[in-house]
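In the order they appear, the protein sequences are chains Y and L.
Here our numbering is used: position 117 in the first sequence is 117, and no number is missing along the way.
Basically our numbering = 1-based index in the second sequence + 213.
Derived from the structure by calculation, the hints contain no laboratory data.
Accuracy of the hints is not assured; some may be wrong.
As the list claims (entries may be wrong) - When the alpha-carbon atoms are kept at most 27 Å apart in a straight line, the in silico BS3-like pairs for lysine-lysine are as follows:
no.: 1; chain 1: Y; residue 1: K200; chain 2: Y; residue 2: K210
no.: 2; chain 1: Y; residue 1: K210; chain 2: L; residue 2: K270
no.: 3; chain 1: L; residue 1: K320; chain 2: Y; residue 2: K12
no.: 4; chain 1: L; residue 1: K334; chain 2: L; residue 2: K320
no.: 5; chain 1: Y; residue 1: K9; chain 2: L; residue 2: K260
Claimed, not checked - So, partial list: chain Y residues that the calculated Cβ filter (under 8 Å) puts toward chain L:
no.: 6; residue: V38
no.: 7; residue: E69
no.: 8; residue: L201
Said to hold, decoys possible - Sample of chain L residues with no beta-carbon within 12 Å of chain Y, all distances over it, derived:
no.: 9; residue: S242
no.: 10; residue: K270
no.: 11; residue: A279
no.: 12; residue: D345
Predicted model, so just to flag it, every value in this text is computed and none were measured.
Just so it is clear, CB atoms sit at the ideal spot from N, CA and C, and this is done for glycine as well.
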Amino acid sequence: MEELDVLKKAWKNQDASYNQVSENDIYAMLHRKSSSIVKWILIVSIIEFVFWNIISFAFSDEKYQNKLESYGIEDIMFIVNVINYVIVVGFIYVFYKNYRSISTLDSTSKLMQSIVNTRKTVQYYIWYNLFIVTLTIIISIVMMFAHNPDIISMMNEQISEGHESIFIFVCVLVSMAFIALVIGVFWLFYRLIYGILLKKLFANYKELKKIEV
Amino acid sequence: MDQQLEQSFVKQLKDNQNIIHKICRLYTSGEDAHKDLFQEITIQLWKAYPKFRGESKFSTWAYRVALNTAITLYRKSTRSVQTSSFDTSNLFVRQDEYNYEEEEQIKLMYEAVHQLNDIEKALVFLYLEDKDYEEISETLGISQVNARVKMNRIKTKLRKILNP
Chain Y
1 MEELDVLKKA
11 WKNQDASYNQ
21 VSENDIYAML
31 HRKSSSIVKW
41 ILIVSIIEFV
51 FWNIISFAFS
61 DEKYQNKLES
71 YGIEDIMFIV
81 NVINYVIVVG
91 FIYVFYKNYR
101 SISTLDSTSK
111 LMQSIVNTRK
121 TVQYYIWYNL
131 FIVTLTIIIS
141 IVMMFAHNPD
151 IISMMNEQIS
161 EGHESIFIFV
171 CVLVSMAFIA
181 LVIGVFWLFY
191 RLIYGILLKK
201 LFANYKELKK
211 IEV
Chain L
214 MDQQLEQSFV
224 KQLKDNQNII
234 HKICRLYTSG
244 EDAHKDLFQE
254 ITIQLWKAYP
264 KFRGESKFST
274 WAYRVALNTA
284 ITLYRKSTRS
294 VQTSSFDTSN
304 LFVRQDEYNY
314 EEEEQIKLMY
324 EAVHQLNDIE
334 KALVFLYLED
344 KDYEEISETL
354 GISQVNARVK
364 MNRIKTKLRK
374 ILNP
């Protein structure tokens, strides 16, 4: 192809044409901060891990514990909590391992794969948390109906008035709408992060995969 | 950081800086973006430098890190300014004052290459650097056959851009 070969010929002769960077400039550059996406992924991921842990701590205050006790599910919730922490530690370990495996010395394809994997770990962590949140909401609602005296008396009142099915229907609807709202907000938030951080990476990754088909 | 390590890195980078300039020229438009990417590549090279044991040439080793940075790690998108606004005059001093026609052709080639996507640019870069398909396939992580096929498609694409 002659056009590209014209460029190839000129390519070798262009070395002198760039403004040469001095040793001092390079020293200065070494001490500046990187703005690579790997750094951003690490920051965002740590924020996410911390965020979910704060949420779970915030909910497990003394009042909450007393409430669990009154519902009679303290023991079950303790076991659930232990399992939860084991899973969280597992996630953080896998994330750290994936993060460490990101190397600019790998082939472009492998590098992209490691970044995608690192990000996926956090994504799974978020889905896991949303699942737990949903489960907690459902259990709380069921427990509330079974144990909360106010709710029980309210329900009995409704039943005596013959609105039982409507009452249950409204309750289920309200809780489902609440769960959908929570998941929806998070979903939007993460689409945003993906959009900003990984748009270019995904586009290039797709392009590379296309070559391999 | 080890001062001696830093010194040897800075020296080698200075001697091999044109590799990075060439990549910056393909992947960015304008002087600021050029400098920005140059800096990010320098940081990434420095981070990876402790793993460089001198088994290969510094330049060969630097190709991979520099391309990976331009394609994968560098976040600022150059897409929005990639077409007409590229100013070649301040980056490219005329080498051959006499051959105006060839110079014009090279300028058009650069503009055409700028319209390619990031992966295609990488293939063009390695081709221009006279790398064989084995090295191209290893650098990008695709098979040799596919690298060859893709290179031919890129040539066709460039021809179409140049002769619409």
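We went through each hint and held it up to the structure:
1. K200(Y) / K210(Y): holds (15 Å)
2. K210(Y) / K270(L): Judged against 27 Å, a Cα distance of about 31 Å means the pair is violated.
3. K320(L) / K12(Y): Answer holds: K320(L) to K12(Y) is near 15 Å, not above 27 Å.
4. K334(L) / K320(L): Distance ~16 Å between K334(L) and K320(L) Cα, so the pair holds.
5. K9(Y) / K260(L): Status violated; Cα separation ~33 Å.
6. V38: With Cβ-Cβ at 6 Å, under 8 Å, it holds.
7. E69: With Cβ-Cβ at 50 Å, over 8 Å, it is violated.
8. L201: With Cβ-Cβ at 6 Å, under 8 Å, it holds.
9. S242: holds (15 Å)
10. K270: The claim stands: K270(L) keeps its Cβ more than 12 Å from every Cβ of chain Y (closest is about 14 Å).
11. A279: violated (9 Å)
12. D345: holds (14 Å)
Comparing the model with each numbered hint stated earlier shows that hints 2, 5, 7 and 11 do not hold.
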